[in-house]
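Now for the letters of each chain:
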Amino acid sequence: GAGVSQSPRYKVAKRGQDVALRCDPISGHVSLFWYQQALGQGPEFLTYFQNEAQLDKSGLPSDRFFAERPEGSVSTLKIQRTQQEDSAVYLCASSLENNEQFFGPGTRLTVL
Amino acid sequence: TQLLEQSPQFLSIQEGENLTVYCNSSSVFSSLQWYRQEPGEGPVLLVTVVTGGEVKKLKRLTFQFGDARKDSSLHITAAQTGDTGLYLCAGEENDYKLSFGAGTTVTVRA
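Line order of the protein sequences matches chains L and W.
Residue numbering for the first sequence follows our numbering, beginning at -17 and increasing consecutively.
Residue numbering for the second sequence follows our numbering, beginning at 8 and increasing consecutively.
Everything labelled a hint here was simulated from the structure, so no lab data went into it.
Check before you lean on any hint, since a few could be wrong.
Some chain W residues near chain L, calculated using beta-carbon distances under 8 Å [unchecked claim]:
#1 R43
#2 G60
#3 D102
#4 Y103
#5 F107
The beta-carbon is built from N, C-alpha and C at its ideal position, and this holds for glycine as well.
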């Protein structure tokens, strides 16, 4: 398919472990977004890339969260020393410039 | 913290009935979007409304944007079981940042 893909779809981590979540955007999409969706809530903005430049990281909850997109395509969201409150679905979206955002299926992270 | 408040939080109706979902904010947005999200999937855009007072129709779905561009509603006529899902509204804060409501879970019973 030509949609946004994310991997893994499910991740279980022990508290204190580091995790890395991958997003493959739609080919040619300049903009990439990460969101966090807690149970029973809507997505909350985490960070925004335009090509390889991270233009807004104001939504990252703490310095344990780090995102990168080194070649302007695939992006990785890394969470260090995971805590139980990090349990959520992490959604990635991409768009051509800043048009309609197309969302991936998300990665469900459970921290035990 | 979500700038947009959606109501009701849950809605369960019989197939064939009508329903309305509301999205309210104290902030003005340049545009407002409605999404539907199914379990295990990401949100899918249904519509974008831009102009205050705008009404858009998408088959059995009618979307309204308030005159002051702070609130919106989604009305579904003659709901079908395929309309079941989480309906999210999102306000566009600037040219890239979306602020989502908490969503309304709609269940349409056969």
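Have a go at the G60(W) hint: is there a Cβ in chain L nearer than 8 Å to its own Cβ? Violated, about 23 Å.
Holds or violated: is the Cβ of Y103(W) closer than 8 Å to a Cβ in chain L? 5 Å, holds
Do the numbers back the hint for R43(W), that is, is its least Cβ distance to chain L under 8 Å? 11 Å, violated
Hint validity - F107(W) Cβ closer than 8 Å to any chain L Cβ: Holds: closest Cβ of chain L sits about 3 Å from F107(W), inside 8 Å.
If you take the shortest Cβ to Cβ gap from D102(W) to chain L, is it below 8 Å? With a minimum Cβ separation of about 5 Å from chain L (threshold 8 Å), the hint on D102(W) holds.
When each numbered hint is compared with the structure, violations occur for hints 1 and 2.
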